[in-house]
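Make the full structure from the sequences, and use the hints.
Note that the protein sequences, when read in sequence, are chains C and W. For the first sequence, this note's numbering gives the first residue as 61, with consecutive numbering after it. For the second sequence, this note's numbering gives the first residue as 61, with consecutive numbering after it.
No wet-lab data here; the hints were simulated from the structure. No false leads were mixed into what you were given.
Treat identical chains as interchangeable: a pair holds within one or across any two.
Pairs of lysine-lysine residues, derived as BS3-like cross-links and limited to a Cα-Cα distance of at most 30 Å, are as follows:
id, residue 1, residue 2
1, Lys66, Lys341
2, Lys257, Lys220
3, Lys397, Lys461
4, Lys461, Lys68
5, Lys192, Lys217
6, Lys220, Lys289
7, Lys66, Lys369
8, Lys68, Lys465
9, Lys66, Lys461
10, Lys341, Lys68
11, Lys289, Lys414
12, Lys321, Lys414
13, Lys257, Lys113
14, Lys66, Lys397
15, Lys465, Lys101
16, Lys101, Lys463
Protein chains: 2
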Amino acid sequence: MATIDKPKVKVNGTDYGWPRKPVVVVCIDGGDPAYFDHGVKHGYIPNVERFMKNGFSAVADGTVPSVTCTNNMSIITGAPASVHGISGNFYLDPATGEAVVMTGPELLRGETIFAQFARAGARIAAVTAKDKLRRQLGKGLDISRGNICFSSEHADKVNKAEHGIDNALDFVGMPLPDMYSMELSLFVLEAGIRILKRDRPDILYLSLTDYIQHKYAPGEADAIEFYRKIDDCFGRLAELGAIVALTADHGMNDKSNAEGKPNVVWLQDILDAEFGKNDTKVICPITDHFIAHHGALGGFVRVYCRGGKATPDAIMRLIEPIPGITEIYDRHTVCEKFDLPLDREGDVAVISAKNVCVGGAEKEHDLSGLEGHRLRTHGGVTEARVPFVISEPISAAYREKVKSKPLNSYQIFDFAINGTR
Amino acid sequence: MATIDKPKVKVNGTDYGWPRKPVVVVCIDGGDPAYFDHGVKHGYIPNVERFMKNGFSAVADGTVPSVTCTNNMSIITGAPASVHGISGNFYLDPATGEAVVMTGPELLRGETIFAQFARAGARIAAVTAKDKLRRQLGKGLDISRGNICFSSEHADKVNKAEHGIDNALDFVGMPLPDMYSMELSLFVLEAGIRILKRDRPDILYLSLTDYIQHKYAPGEADAIEFYRKIDDCFGRLAELGAIVALTADHGMNDKSNAEGKPNVVWLQDILDAEFGKNDTKVICPITDHFIAHHGALGGFVRVYCRGGKATPDAIMRLIEPIPGITEIYDRHTVCEKFDLPLDREGDVAVISAKNVCVGGAEKEHDLSGLEGHRLRTHGGVTEARVPFVISEPISAAYREKVKSKPLNSYQIFDFAINGTR
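Below, the structure written as structure tokens:
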């Protein structure tokens with residue numbers, strides 16, 4: 061009749077112990093390692109610097125395609141996309157043939173770390189900048205048991221029954237932030253600090269937006285200001301007694317030429333010229349409703365054979381010589397290489413170089429949102445390296461893990477919960 | 061631009077290779093190892109005997125409580141109940157306080173081996189005797205892609221769109237079997253043989269019913285006839301070129317006394333006498349709509365504290381001296397010990413001895429369905445040991461696995477798919 065207080069929690073094949081104190085994971089949207097590098101070098105992110113020195117720091121592999129939904133889901137399920145099924149922000153639904161956003165909770169497979177911990181009695185809070193992530197973050201999470209899940213984008217529309225919180229604007233003490241502002245992220249962090257202080261949840265997940273990183277390179281004034289402010293928030297979270305773990309959904313690269321114009325391979329136009337209209341369909345998995353950021357241009361696209369003319373092999377032969385294209389795969393190979401779900405893959409996957417992006421038809425991409433800024437975007441392999449920083453030291457066993465196998469960003473909860481004991 | 065033909069498939073943390081030939085897993089409902097032992101000893105299951113000799117044979121641990129839904133879900137998810145969430149046939153819904161069957165697909169967590177393989181392009185067929193299992197077996201399985209999922213119980217009501225098959229009675233060449241008959245299982249096996257012949261699916265799952273095992277002990281004429289017939293089917297499946305793997309959801313024990321009357325601890329009556337009516341609620345997780353089998357009496361019950369009087373500790377102290385009760389646990393301990401989901405656990409778990417069963421209030425259990433037969437039932441730890449037989453030899457690595465760790469019946473797909481290469 062012995063009593064065991066704190067159960068282990070299994071999520072998609074990984075066992076998690078019970079957090080010995082609150083664990084806060086922050087996903088810095090678009091938080092390329094170059095921003096931390098610059099901040100540390102110039103001394104404006106002292107808290108991150110201290111975590112790196114006293115705790116653990118590495119650069120990890122994110123999930124490819126390196127886009128927001130895919131990597132947030134990898135982080136909160138502790139698993140690759142072959143398990144959770146969210147292989148982009150946007151995909152071609154094979155049942156209807158329609159291209160749709162991939163944000164429906166019914167598309168998310170397996171279980172989230174939040175839902176499984178909540179079922180075992182843990183208290184969970186998840187705050188995201190982008191409301192598009194909210195329903196998947198909250199999948200299976202019983203809000204009636206004191207858990208919280210809301211977005212800063214819709215912080216004016218929350219209620220206790222659906223989001224676990226009332227009057228979020230008053231609670232956080234900030235006005236509703238603009239969709240395109242650094243405040244959209246800062247609101248998430250301030251909300252997290254207040255929730256941590258009031259509720260001391262076992263697990264807190266804070267997912268930011270990459271508005272700043274799309275617009276400003278490391279070292280530009282606005283980027284410095286943003287990183288100074290988020291670093292201050294990280295310090296306050298640690299001060300409150302939490303283990304703070306920092307990662308990113310993806311990095312960010314400048315994909316413009318010397319004249320400041322985007323380096324784009326307009327793949328749909330190339331395919332249409334060869335195979336005719338409507339024979340193939342290019343899907344850009346970076347597409348979401350925050351298109352001012354990037355005009356739906358990224359480093360990874362999927363091509364679907366829809367007519368009878370183009371075969372995967374013919375497409376691959378056509379694309380191979382195009383400058384700026386670095387990797388081309390058939391559907392089986394891309395799934396095997398990047399651990400993606402086969403039933404949500406196209407016929408050919410196309411990946412571009414660090415300074416190049418790939419799109420559909422030129423006339424379908426609206427780049428007016430760039431407002432004269434250089435195009436900085438992500439999605440490819442060159443934006444899949446992300447920071448992996450934990451405020452406390454990790455155990456010898458976890459240090460060994462890193463030596464023997466590549467580190468994936470979706471291991472951040474494993475390291476922050478199991479690795480710090 | 062290399063091509064990889066057959067992807068690996070990840071399900072709840074286990075990687076499965078592509079089946080090199082059709083893999084058939086048969087879950088012999090109530091197939092206690094004693095039936096195989098008797099059959100081998102007396103020579104009436106020659107195919108099983110050959111599998112054991114030329115392939116692999118062990119006795120594995122099933123999931124506790126040893127009931128049908130729980131173990132079928134463990135087998136088809138390759139995971140314990142803490143992962144898939146189905147910790148009984150029947151449970152107390154914490155949201156409503158109502159006791160309900162646990163057969164809804166929305167209650168099943170994680171992913172099934174069938175759904176994940178189908179997404180990767182495999183062809184799947186699952187046939188079950190009991191329709192109650194069908195919707196969970198088919199969860200996430202796209203029937204429109206040539207997959208099949210139906211029950212022999214409702215074989216007269218199938219259609220292509222919903223079950224992947226039309227006119228199942230004609231196809232199998234048998235009339236609709238009675239719910240309480242050995243034909244309900246034989247129909248499943250005959251359907252499997254015909255599907256294997258016609259479609260050669262990559263994975264075939266055949267789940268039987270325990271009508272015979274509840275009624276007849278090993279060596280009784282009807283049990284011998286049943287095992288002779290199913291053995292013949294196993295041989296025909298192997299003959300068609302499949303890897304045949306045999307396990308059971310649970311075993312079966314005689315729980316009657318010398319006079320042939322059931323040995324029952326009427327736990328609700330004992331609790332009511334001590335704490336008063338409605339203060340506690342006993343839930344028998346074996347309960348399903350096949351109650352003639354067992355009158356909802358089994359070897360494992362959950363007690364819920366509902367009034368203010370009974371505490372878990374007081375219940376445990378009260379129950380401990382009762383003869384025939386062998387294990388009593390609080391909710392955390394039982395979940396840790398048997399790998400169960402905490403949010404679906406009661407306050408106290410009670411497990412009875414091999415020859416004893418435990419029920420609720422005497423007047424609520426209908427034993428008329430026994431029709432004078434001795435009560436043979438399951439649910440406890442003593443019915444959680446099951447056969448684990450594979451028709452082909454397993455690799456050295458898999459033989460090593462068995463030496464170093466206890467074998468779980470939910471590893472049967474892992475062994476049949478990955479272990480036989």
